[in-house]
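All chains, please: the whole structure from these sequences, using the hints.
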Amino acid sequence: MSSDSPVDKGSGDDRATGLRIGAHARGAAIEFHFDGRAVSAHEGESVACALFAAGIRTLRLSPRTELARGMFCLMGSCQECVVWVDGRRVAACQEPARAGLDVRSGTIEASP
Amino acid sequence: MTTAPRALDVVVIGGGPAGIMAAVAARRHGASVALLDENPAAGGQVYRAPPPGFAREVATSSEQVDGDRLRALLAASGAMTLFAHKVWSVGFGFRIDAIGPDGPIALTAPKLIVATGTSERVVPFPGWTLPGVIGLAAATILLKSQRMLPGRATLVAGCGPLLVAVAAGIVKNGGRVVAVVDLDGPRDWLAPLPALMSRPDLLARGARWLAAIRAARVPVLLQHTLRGVREEGGGLRVTVGPVSVNRMPDAREERTFDADCVVVGHGLTPSTDVTRTLRARHRYDAARGGWIAETDEFGRATVPGLYVVGDGSGIAGAAAAEHHGELAGLAAVQDLGRPPSAVRSRQTASARKRYDKARRFGGAMAGLMAIRPAQVAAIAHNTIVCRCEDVTRGEIERAIDDGAREVNQVKAWTRCGMGPCQGRTCADIVGELVAQRVGGREAAGYFTGRLPLRPVSLEAVTGDYVYADIPIPKAAPL
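Chains A and B, in that order, are what the protein sequence lines are. Residues in the first sequence are numbered consecutively from 13, following the working numbering. Residues in the second sequence are numbered consecutively from 5, following the working numbering.
Everything labelled a hint here was simulated from the structure, so no lab data went into it. The structure displayed is predicted, hence computed values, not measured ones. Careful, some of the hints might be misleading.
Output of the computed footprint for chain A on chain B, the stretches with three or more beta carbons under 8 angstroms from beta carbons of chain A [said to hold, decoys possible]: (1) 133-140; (2) 420-434.
A short, non-exhaustive set of chain A residues, derived as facing chain B with CB atoms under 10 angstroms [to be verified]: (3) T29; (4) G30; (5) G56; (6) S74.
Just so it is clear, CB atoms sit at the ideal spot from N, CA and C, and this is done for glycine as well.
Below, the structure written as structure tokens:
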């Protein structure tokens, strides 16, 4: 994934969206990376929801028409939120956020 | 290192209320039971457990109380529980293959109870694939489990009880709902009322949701629908208009709203991946959510040893699901050949009574969540229907023009339903589109069940192994 990818929105900062309800009622604050940028999250959150709360909504481009896609069903069914996590291809909504994860956009590059 | 499959009497797939009670009931009568679920804890969607490390809300909701009760029963039952396990294969016999945190596992059992619940139906509209457009069920998970608002300014659209529950949930947690856009009118909401009287507690909860929405002065547009969503100025511009029955939509009646999130859902459809894969007979029942496995009242499917319970066997709601699961668990014990027991017959009669009462309520709600053929007929030709493979309605119609007569032909010709979601998101819509051309859902058929049930990497399936471990059969004598 090149750095000028269109899959690059949001500040990665929780305060940017203020979507979390009751800031003290969740797991320890942690940090992971999405396409190289730091994202703050809490233990117990899924990778998909942590990215959503950080204002990062586009997780990949669709394979045929290259349209932006993000989390949709949140229960492991639709596969829209598929990303790479430490080299594994997983649904971000089923993947617990952990400190230091290397999360990359799920876009599959067309072969040249 | 792959090990031999573990043999049990009963395997339950799905840890919602139906699966939990099926496991508890079978275990109570001495069967060896394993329950698998892809989530980190039991509860399913309605009774989803709070994530580890999250504090509970001060006012514990009735759903948390029910969820805790069911989780405690399961924990005390002695059933083997395999959470965070994704079932990717089921085979006759039965053999169940799953991937868990420690790699691949395999189980075998003569009795398989499927309690896989539902997935949400979203009827496609222009812009429904945009990031920031999510399902009503997804919003429920955000609010109740992840403790997040879906947006700072959220538009909530669709139909059924979840619509009201989500809008009220956003408001109660300090969020702003820019509008509630409901396909239904007052008459649709009143129709199921007599059946709903059986559960005054749930009816009262619905009234509280409506009061919360009204108190927040949220505009509620009845008999309205989403015409389209587009990105504009870093947010979403949402166009809504009245539901047009038997007439063309009129642009003069349209209204627009600015939102940063659109939450939308048009009911639930039973998850039939497992029963379709095992070639059980299915029938179409719109009032129960769509295609469902044919079963008797104990959940026995047409494949011997296979049971289907809860909403996955036809929408009836979470309250009915637990009693249905109990019935199937008891039936499985009997079918294992255990001697008759007075206790078991008494429990069966009691569960039967509770199930019949609970499903009256759930069944009435399911009517509000049934597919609306006119809404599907109104999908624009350039709108994407299959999100995985970016297949539009126009491409599907062209395949039918070219001679496709049922959904599997449409799938083979267009790749619609062939992507990583295995057609779970689009199947009901494609089925309806084909049905409208070939004369009914039965003629249009359903996607043949295919493995894997969930995408898995080859590496995860094989686990760690060395080439020396691969058995090489002796060469046949010449």
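Going through the earlier hints one by one, which of them does the structure break, listed in rising order?
none
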